[in-house]
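Asks: The lines below spell out each chain.
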Amino acid sequence: MSRTIIDPKILKGTRDFLPTDMAKRDYVMDVMRSVFRKYGYDTIETPVINYAETILGKYGEEGDRLTYNFKDSGDRGIALPYDLTVPFARLVAANYSNLPMPFKRYQIQRVWRAEKPQKGRLREFYQCDIDVIGTKSLLAEAEVARIIVSVFEELGFENFRIKVNSRRLMNAILDSFGLDDDPLALIRIIDKMAKIGEDGVKNELSSIGVSQNKITELFDAFSKGDFSAYDMSEIEEFMGLCKDLCIDDKYIEFDPCLARGLDYYTGIIYEVVSDDVDFGTLCAGGRYDDLCGLFCKEDFSGVGVAFGFERIMLALEKMNRLADVPLSSKVLVTLFDSVSTAASLAIYNELVCAGINSEIYFEPAKLSEQFKYAAKKQVPFVVVSGPDERAKSEVTVKFMDSGNQKTIPVNQLISYIKGYV
Amino acid sequence: MFKIGIQKGGRLTTPSIEYLASLGIEVPRNGRELMILAGDFKILFLRQKDIPEFVERGIIDFGIVGTNAILEKQSKVDIIKELGFCKCSLVIAGPSNISITALNGERIATSFPNLLRSFLQKNKINASIIEVQGSVEVIPAMGLADAVCDLVQTGSTLKDNNLVPIATVLESQAVLISNPNSTKKWRF
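Going line by line, the protein sequences match chains A and B. The opening residue of the first sequence carries number 1 in my numbering; numbering runs sequentially from there. The opening residue of the second sequence carries number 1001 in my numbering; numbering runs sequentially from there.
It is worth saying that the hints were derived from the structure and are not from the lab. Treat the hints with caution; some may be incorrect.
Unchecked claim - List time: in silico DSS-like cross-link candidates among lysine-lysine, alpha-carbon distance up to 30 Å:
{"no.": "1", "chain 1": "A", "residue 1": "Lys418", "chain 2": "B", "residue 2": "Lys1003"}
{"no.": "2", "chain 1": "A", "residue 1": "Lys24", "chain 2": "A", "residue 2": "Lys330"}
{"no.": "3", "chain 1": "A", "residue 1": "Lys243", "chain 2": "B", "residue 2": "Lys1076"}
{"no.": "4", "chain 1": "B", "residue 1": "Lys1122", "chain 2": "A", "residue 2": "Lys377"}
{"no.": "5", "chain 1": "B", "residue 1": "Lys1122", "chain 2": "A", "residue 2": "Lys406"}
{"no.": "6", "chain 1": "A", "residue 1": "Lys38", "chain 2": "B", "residue 2": "Lys1073"}
Claimed, not checked - Label-pair ranges, simulated between beta-carbon atoms:
{"no.": "7", "chain 1": "B", "residue 1": "Phe1002", "chain 2": "A", "residue 2": "Ala354", "range": "43 to 49 Å"}
{"no.": "8", "chain 1": "A", "residue 1": "Ser34", "chain 2": "B", "residue 2": "Gln1074", "range": "16 to 22 Å"}
{"no.": "9", "chain 1": "A", "residue 1": "Asp72", "chain 2": "B", "residue 2": "Gln1074", "range": "37 to 43 Å"}
{"no.": "10", "chain 1": "B", "residue 1": "Glu1018", "chain 2": "A", "residue 2": "Ser137", "range": "54 to 60 Å"}
{"no.": "11", "chain 1": "A", "residue 1": "Asp388", "chain 2": "B", "residue 2": "Lys1087", "range": "43 to 49 Å"}
{"no.": "12", "chain 1": "A", "residue 1": "Asp276", "chain 2": "B", "residue 2": "Gly1143", "range": "45 to 51 Å"}
{"no.": "13", "chain 1": "B", "residue 1": "Glu1033", "chain 2": "A", "residue 2": "Ser137", "range": "48 to 54 Å"}
{"no.": "14", "chain 1": "B", "residue 1": "Lys1087", "chain 2": "A", "residue 2": "Asn320", "range": "40 to 46 Å"}
{"no.": "15", "chain 1": "B", "residue 1": "Ser1022", "chain 2": "A", "residue 2": "Arg37", "range": "48 to 54 Å"}
{"no.": "16", "chain 1": "A", "residue 1": "Lys418", "chain 2": "B", "residue 2": "Ser1022", "range": "41 to 47 Å"}
{"no.": "17", "chain 1": "B", "residue 1": "Glu1033", "chain 2": "A", "residue 2": "Ala391", "range": "53 to 59 Å"}
{"no.": "18", "chain 1": "B", "residue 1": "Ile1079", "chain 2": "A", "residue 2": "Glu298", "range": "56 to 62 Å"}
{"no.": "19", "chain 1": "A", "residue 1": "Gly156", "chain 2": "B", "residue 2": "Phe1002", "range": "39 to 45 Å"}
{"no.": "20", "chain 1": "A", "residue 1": "Gly156", "chain 2": "B", "residue 2": "Gln1074", "range": "17 to 23 Å"}
Computed from a predicted structure; not experimentally measured. Just so you know, even glycine gets a beta-carbon here, dropped at the ideal spot from N, CA and C.
Using the sequences provided together with the hints, build the complete structure.
Replies: What follows is the structure, encoded as structure tokens:
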């Protein structure tokens, strides 16, 4: 009888990650997690399958179109998360009486978007968010900036900047020019400055009916960079707190043109760019005033940023920062012959108990075959315990990169391997 | 009152006391006391390994230590003055005069793992660092290491243990160190 072979394909816009890919992704996530934890952030997890009404209707028409939703076998409308903010807001609304307030959390989870797959557009990818809710203190904004700097420093970025602006300042400027009919439309256009340039922004402003005079006035204020006529207290206090948190000046830049397209930011906004690589925004976010309004009667002000995990991965690969991320095994203990099994297992056990990531070869195959396996798994040390070694209570350690080997007493193996760390 | 840390008992102790005397700070030491008042100064007798950290944290204002101790601990302290005494070298030594590349895969015993590690990395040598607290020169004879990395003044201890210098990791001498905040308050 012939079997039907199923093509082992995956959906476009999704990816398989092999161990060498995962080692790098785990390394980057671990760096991020360790920084978040250092600043007292705990993590949460929210479901993959949600009632459709939880997710739909929160991201505009475009967002709804890109949300994966379907009927389950019980005819319920189900949707997959489009981002982590909405599931977080729902979780807070459902649990706030039990949560410590202010509440800070980090969350690293997959999200799904029904994009047309193309370069840089995936249907399934990771987002990595941190938020502090339940406080209006600017200290929360400064702490988030401190965390951003620590994450990028620890990942090995050198030339990066957090561009910051105050939504309140921006509104005040627009008000003073009488451009307050639809400030959100204006903000969305100004936000495109980096993308479409000064002329592009001028054209779009005039197309929504802003007069030439007003446009010239507005650009004059931006080009002079003089905002002393406006209330700069929010930005100044924020900068002062960043200094007190020992954030180097070079990492923070006040950018009065920074607008962030999203409509719900109400205070300080951030965006991280790097001069080492040109991948656009690597991290962004800001202060919002109404996180859970759709899910409960309480108002929660908060501040949060999303790290563009997939972009950060691409940037680090391009900067060649991930070439040395090792796979798990540091030592392969070979099986010389079936008589050697007990001795090899004893060595293997001792290595693992000493905290050295190790593995044993499962069959007494030819040593050359076992070495080949070690090379393929990028294991740096291979331990051989054959009859000659055992007779003298020794082991031979082979270095896979140089091919050299060294015979030492078996009771020195642990300190010998640890001496290389 | 400024606090000065010096080595409790070792090759730095006597020359440190003499140096302080040359500055007009007489240390009337007569026994095993660990703290002595000397005019406007409090002299603390400490383990050399602790002095750089205490100075860095501002627990004591000044210290007299070997350069090796500061660099091994990667302490952030100001070196105010090289004092010219207790000169020595941190060297790698082995049973015969081999090139440093022959150290690949070998075991090197030392009490200075950080300095040795950065020297090996700089010279692209992949060797196992066996950390011991002292009596380093005898470790190869015990079969625990193939080479050593230790401080050498005259070289006689190496010779006594049939070891030959292979490479110099660092030249060291006694230095006066201070906490960056104390440096601002005091002119030398």
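Asks: The structure should be examined with respect to each hint, and the outcome stated for every one.
Replies: Structure-based check of all given hints:
{"no.": "1", "hint": "A:Lys418 <-> B:Lys1003", "verdict": "violated (39 Å)"}
{"no.": "2", "hint": "A:Lys24 <-> A:Lys330", "verdict": "holds (16 Å)"}
{"no.": "3", "hint": "A:Lys243 <-> B:Lys1076", "verdict": "holds (21 Å)"}
{"no.": "4", "hint": "B:Lys1122 <-> A:Lys377", "verdict": "holds (27 Å)"}
{"no.": "5", "hint": "B:Lys1122 <-> A:Lys406", "verdict": "holds (23 Å)"}
{"no.": "6", "hint": "A:Lys38 <-> B:Lys1073", "verdict": "holds (23 Å)"}
{"no.": "7", "hint": "B:Phe1002 <-> A:Ala354: 43 to 49 Å", "verdict": "holds (46 Å)"}
{"no.": "8", "hint": "A:Ser34 <-> B:Gln1074: 16 to 22 Å", "verdict": "holds (21 Å)"}
{"no.": "9", "hint": "A:Asp72 <-> B:Gln1074: 37 to 43 Å", "verdict": "violated (58 Å)"}
{"no.": "10", "hint": "B:Glu1018 <-> A:Ser137: 54 to 60 Å", "verdict": "holds (57 Å)"}
{"no.": "11", "hint": "A:Asp388 <-> B:Lys1087: 43 to 49 Å", "verdict": "holds (48 Å)"}
{"no.": "12", "hint": "A:Asp276 <-> B:Gly1143: 45 to 51 Å", "verdict": "holds (49 Å)"}
{"no.": "13", "hint": "B:Glu1033 <-> A:Ser137: 48 to 54 Å", "verdict": "holds (51 Å)"}
{"no.": "14", "hint": "B:Lys1087 <-> A:Asn320: 40 to 46 Å", "verdict": "holds (42 Å)"}
{"no.": "15", "hint": "B:Ser1022 <-> A:Arg37: 48 to 54 Å", "verdict": "holds (52 Å)"}
{"no.": "16", "hint": "A:Lys418 <-> B:Ser1022: 41 to 47 Å", "verdict": "holds (45 Å)"}
{"no.": "17", "hint": "B:Glu1033 <-> A:Ala391: 53 to 59 Å", "verdict": "holds (58 Å)"}
{"no.": "18", "hint": "B:Ile1079 <-> A:Glu298: 56 to 62 Å", "verdict": "holds (58 Å)"}
{"no.": "19", "hint": "A:Gly156 <-> B:Phe1002: 39 to 45 Å", "verdict": "holds (41 Å)"}
{"no.": "20", "hint": "A:Gly156 <-> B:Gln1074: 17 to 23 Å", "verdict": "holds (19 Å)"}
In terms of the numbered hints stated before, the structure departs from hints 1 and 9, listed from lowest to highest.
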